[in-house]
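Chains as they are written, first to last, in numbering that gives the first Met the number 0: chain U, 0 to 336; chain L, 0 to 336.
Certain hints may be false.
For chains that are exact copies, the list does not tell them apart, and a pair is met inside one copy or across any two.
Claimed, not checked - Straight-line Cα separation of at most 20 angstroms, SDA-like style, residue types lysine to any residue; simulated pairs:
{"no.": "1", "residue 1": "Lys89", "residue 2": "Val73"}
{"no.": "2", "residue 1": "Lys187", "residue 2": "Asp44"}
{"no.": "3", "residue 1": "Lys187", "residue 2": "Ala214"}
{"no.": "4", "residue 1": "Lys12", "residue 2": "Thr71"}
{"no.": "5", "residue 1": "Lys242", "residue 2": "Arg332"}
{"no.": "6", "residue 1": "Lys89", "residue 2": "Glu105"}
{"no.": "7", "residue 1": "Lys38", "residue 2": "His230"}
{"no.": "8", "residue 1": "Lys30", "residue 2": "Ala231"}
{"no.": "9", "residue 1": "Lys30", "residue 2": "Tyr141"}
{"no.": "10", "residue 1": "Lys318", "residue 2": "Asp188"}
{"no.": "11", "residue 1": "Lys89", "residue 2": "Ala109"}
{"no.": "12", "residue 1": "Lys310", "residue 2": "Glu322"}
{"no.": "13", "residue 1": "Lys147", "residue 2": "Lys318"}
{"no.": "14", "residue 1": "Lys187", "residue 2": "Val42"}
{"no.": "15", "residue 1": "Lys89", "residue 2": "Gly101"}
{"no.": "16", "residue 1": "Lys310", "residue 2": "Asp103"}
{"no.": "17", "residue 1": "Lys12", "residue 2": "Asp219"}
{"no.": "18", "residue 1": "Lys187", "residue 2": "Pro319"}
{"no.": "19", "residue 1": "Lys89", "residue 2": "Asp103"}
{"no.": "20", "residue 1": "Lys89", "residue 2": "Gly106"}
{"no.": "21", "residue 1": "Lys242", "residue 2": "Asp313"}
{"no.": "22", "residue 1": "Lys242", "residue 2": "Ile268"}
{"no.": "23", "residue 1": "Lys89", "residue 2": "Phe102"}
{"no.": "24", "residue 1": "Lys89", "residue 2": "Ala104"}
If you are wondering where the hints come from, they were derived from the structure by calculation, not from laboratory data.
Protein chains: 2
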Amino acid sequence: MKKDALNIYDIAKMAGVSIATVSRVVNGSDKVSETTRQKVLAVIDEVDYTPNVFAQGLGLKTMHTVGILVPTIVDHYMATAVSYLERGFKEQGYDCILGCSGFDAEGKHAKTEMILTKHIDALVYVGSTYAGDGRDEGTTDYIREAAKQVPVFIINGSVEGDNIYCAVCEDEQASYEAASLLTSHGRKDILFLSDSRSYSAINKKKGYQRALSEAGLDPDEGVIFVDDDIHAVRDTLFRMDRKIDGILAVNDKIAAGAVKYAVESGIRIPGDIEIVGYNNSQLAISSTPEISSVDNYTELICDDTVSRLMKILDDREAKPQRETRFPCTLIYRETTG
Amino acid sequence: MKKDALNIYDIAKMAGVSIATVSRVVNGSDKVSETTRQKVLAVIDEVDYTPNVFAQGLGLKTMHTVGILVPTIVDHYMATAVSYLERGFKEQGYDCILGCSGFDAEGKHAKTEMILTKHIDALVYVGSTYAGDGRDEGTTDYIREAAKQVPVFIINGSVEGDNIYCAVCEDEQASYEAASLLTSHGRKDILFLSDSRSYSAINKKKGYQRALSEAGLDPDEGVIFVDDDIHAVRDTLFRMDRKIDGILAVNDKIAAGAVKYAVESGIRIPGDIEIVGYNNSQLAISSTPEISSVDNYTELICDDTVSRLMKILDDREAKPQRETRFPCTLIYRETTG
Chain U
0 MKKDALNIYD IAKMAGVSIA TVSRVVNGSD KVSETTRQKV LAVIDEVDYT
50 PNVFAQGLGL KTMHTVGILV PTIVDHYMAT AVSYLERGFK EQGYDCILGC
100 SGFDAEGKHA KTEMILTKHI DALVYVGSTY AGDGRDEGTT DYIREAAKQV
150 PVFIINGSVE GDNIYCAVCE DEQASYEAAS LLTSHGRKDI LFLSDSRSYS
200 AINKKKGYQR ALSEAGLDPD EGVIFVDDDI HAVRDTLFRM DRKIDGILAV
250 NDKIAAGAVK YAVESGIRIP GDIEIVGYNN SQLAISSTPE ISSVDNYTEL
300 ICDDTVSRLM KILDDREAKP QRETRFPCTL IYRETTG
Chain L
0 MKKDALNIYD IAKMAGVSIA TVSRVVNGSD KVSETTRQKV LAVIDEVDYT
50 PNVFAQGLGL KTMHTVGILV PTIVDHYMAT AVSYLERGFK EQGYDCILGC
100 SGFDAEGKHA KTEMILTKHI DALVYVGSTY AGDGRDEGTT DYIREAAKQV
150 PVFIINGSVE GDNIYCAVCE DEQASYEAAS LLTSHGRKDI LFLSDSRSYS
200 AINKKKGYQR ALSEAGLDPD EGVIFVDDDI HAVRDTLFRM DRKIDGILAV
250 NDKIAAGAVK YAVESGIRIP GDIEIVGYNN SQLAISSTPE ISSVDNYTEL
300 ICDDTVSRLM KILDDREAKP QRETRFPCTL IYRETTG
């Protein structure tokens with residue numbers, strides 16, 4: 000038998016056991032019966048490989064490494080999530096390696112393939128962009144492909160499939176509550192500023208629209224697409240020349256641009272206009288006035304992801320909860336009344 | 000000969016050629032003479048390995064992957080640098096994988112070893128923390144160890160050694176110029192706020208101290224160590240209860256804390272106090288007033304790093320410039336007069 004034609008599937012088939020079992024034998028796990036262990040080792044012997052060389056050559060031996068993919072690291076939400084994941088996995092004796100995929104389908108596919116070659120035990124996608132827009136299942140096929148090789152976790156997005164686990168924050172509800180706060184203050188001209196059509200941005204928009212509809216306001220005319228840049232947002236609002244008394248932004252950078260607009264226009268915050276950001280980041284704090292912002296409990300979500308993933312890595316056949324959902328809370332600062 | 004005892008050094012030695020030459024042969028490079036190629040292939044044949052299996056088994060075959068290490072990704076400077084490196088390497092057909100090492104020696108060593116197992120063609124360290132404090136050469140030994148395996152680049156730090164390449168920004172000069180601007184405006188009580196004792200922070204401090212000495216001011220009494228947190232910096236300044244008419248901060252987050260202090264104390268900016276940040280980040284822009292900040296040309300430095308590294312990867316014996324130095328420029332906004 001030609002050695003380099005062998006792979007773990009061949010060994011599993013020849014031994015009549017699952018791939019997971021071969022993996023356990025090769026890695027010296029004590030969760031395999033002695034009979035099974037001997038059967039697998041006999042096959043490995045037969046094809047003239049020592050378990051160790053076999054394991055290393057085929058990337059089977061666990062390297063205690065978790066792969067993380069983000070669309071971009073120049074985003075405070077994603078950078079923060081990565082740092083919490085890093086910390087959590089480190090406590091469990093796992094290293095993390097990170098790849099940046101960009102937002103387009105080609106980059107997501109390519110980087111998924113790339114990071115799967117790096118001997119990772121599991122893959123975590125951070126960001127709702129990986130879940131597509133929730134309408135076309137096909138756009139998430141690459142995630143189901145990856146899940147055939149390692150357990151896959153998604154942070155802030157929901158994708159169906161075997162070996163895929165999700166953590167989702169209740170963006171729709173949080174956005175609904177924030178917009179309802181503004182309508183309850185009698186605000187009539189409330190904008191929804193978004194730079195994205197991701198799963199998360201769409202949920203935030205739905206919440207905003209639900210609140211406006213309930214208050215008898217037009218749910219569509221305030222939805223504005225903007226660039227994710229402080230000065231660009233400010234300038235867009237200047238150009239609109241429109242009465243505005245409330246703004247809900249999908250992130251704090253956009254909210255900071257809205258604050259600039261109001262401050263430079265001499266519009267009083269929160270007297271004449273109320274502004275709510277999202278992510279509860281340093282940008283909300285560096286702004287003057289400081290921005291009320293939705294905290295989406297990134298730390299909690301990341302800790303939960305680490306904890307569920309460790310269940311699987313400790314016992315490859317464990318099935319933790321497939322999807323966990325987390326509420327969000329508005330942190331009140333100076334831009335709401 | 001036992002196969003799994005073999006490594007690239009053995010093959011190179013047996014063939015009487017360099018490791019780089021073995022690598023070229025294995026990877027099918029046309030930069031090897033036919034005679035040499037045959038000699039290397041004969042050795043590989045002799046020990047019963049096909050070049051391909053050999054290359055893959057020993058991690059020799061290029062995976063077109065560059066490893067990047069940062070101390071933390073929740074830092075705008077580092078996140079921005081990573082994104083520029085990503086973009087540059089992608090244009091050259093290389094993927095990047097990223098690891099976060101933390102700031103302590105143990106983490107730096109461990110993550111260096113980890114990322115070297117991931118079949119990387121080169122390693123880039125981002126951040127002056129990797130260069131130590133410039134006093135103890137021993138603290139950078141792990142970088143020289145890594146450089147025995149792959150070419151190593153350091154962004155914003157200088158370390159001596161074979162196969163180590165550095166890009167350094169002229170922080171000392173930039174900091175000198177910023178502090179000199181304040182002394183030239185007649186400022187007498189200028190603080191230097193820093194959260195770090197890294198190579199870069201030390202250089203910034205030197206520049207500040209040179210400017211103050213030249214202006215006949217005490218170069219030491221204004222040097223203050225602070226936490227890297229907007230509110231913590233503000234509160235530290237509140238507690239100091241000291242006359243201050245100028246602040247130079249090692250990053251924009253600290254400068255944003257100084258702005259908070261002045262705004263909340265009713266101190267006029269820039270009339271009564273001038274504030275200069277560093278990194279020219281979104282935090283400088285989200286602040287009101289917007290913060291004058293030193294731009295350290297991260298994009299230029301990263302592009303230069305990609306370009307020098309590609310020279311080596313295209314021809315393993317190429318020797319690009321060992322150290323390149325870049326100036327910085329103060330971007331004037333609303334916190335300087």
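Hint check results:
| no. | hint | verdict |
| --- | --- | --- |
| 1 | Lys89 - Val73 | between (23 angstroms within a copy, 16 angstroms between copies) |
| 2 | Lys187 - Asp44 | neither (76 angstroms within a copy, 79 angstroms between copies) |
| 3 | Lys187 - Ala214 | within (9 angstroms within a copy, 57 angstroms between copies) |
| 4 | Lys12 - Thr71 | neither (41 angstroms within a copy, 44 angstroms between copies) |
| 5 | Lys242 - Arg332 | neither (23 angstroms within a copy, 29 angstroms between copies) |
| 6 | Lys89 - Glu105 | between (31 angstroms within a copy, 13 angstroms between copies) |
| 7 | Lys38 - His230 | neither (67 angstroms within a copy, 63 angstroms between copies) |
| 8 | Lys30 - Ala231 | neither (58 angstroms within a copy, 50 angstroms between copies) |
| 9 | Lys30 - Tyr141 | neither (31 angstroms within a copy, 37 angstroms between copies) |
| 10 | Lys318 - Asp188 | neither (47 angstroms within a copy, 62 angstroms between copies) |
| 11 | Lys89 - Ala109 | between (26 angstroms within a copy, 11 angstroms between copies) |
| 12 | Lys310 - Glu322 | within (14 angstroms within a copy, 47 angstroms between copies) |
| 13 | Lys147 - Lys318 | within (15 angstroms within a copy, 43 angstroms between copies) |
| 14 | Lys187 - Val42 | neither (73 angstroms within a copy, 80 angstroms between copies) |
| 15 | Lys89 - Gly101 | between (26 angstroms within a copy, 11 angstroms between copies) |
| 16 | Lys310 - Asp103 | neither (32 angstroms within a copy, 29 angstroms between copies) |
| 17 | Lys12 - Asp219 | neither (57 angstroms within a copy, 72 angstroms between copies) |
| 18 | Lys187 - Pro319 | neither (45 angstroms within a copy, 62 angstroms between copies) |
| 19 | Lys89 - Asp103 | between (30 angstroms within a copy, 14 angstroms between copies) |
| 20 | Lys89 - Gly106 | between (27 angstroms within a copy, 10 angstroms between copies) |
| 21 | Lys242 - Asp313 | neither (57 angstroms within a copy, 58 angstroms between copies) |
| 22 | Lys242 - Ile268 | within (14 angstroms within a copy, 31 angstroms between copies) |
| 23 | Lys89 - Phe102 | between (28 angstroms within a copy, 14 angstroms between copies) |
| 24 | Lys89 - Ala104 | between (30 angstroms within a copy, 15 angstroms between copies) |
This entry does not satisfy hints 2, 4, 5, 7, 8, 9, 10, 14, 16, 17, 18 and 21, going by the numbered hints stated previously.
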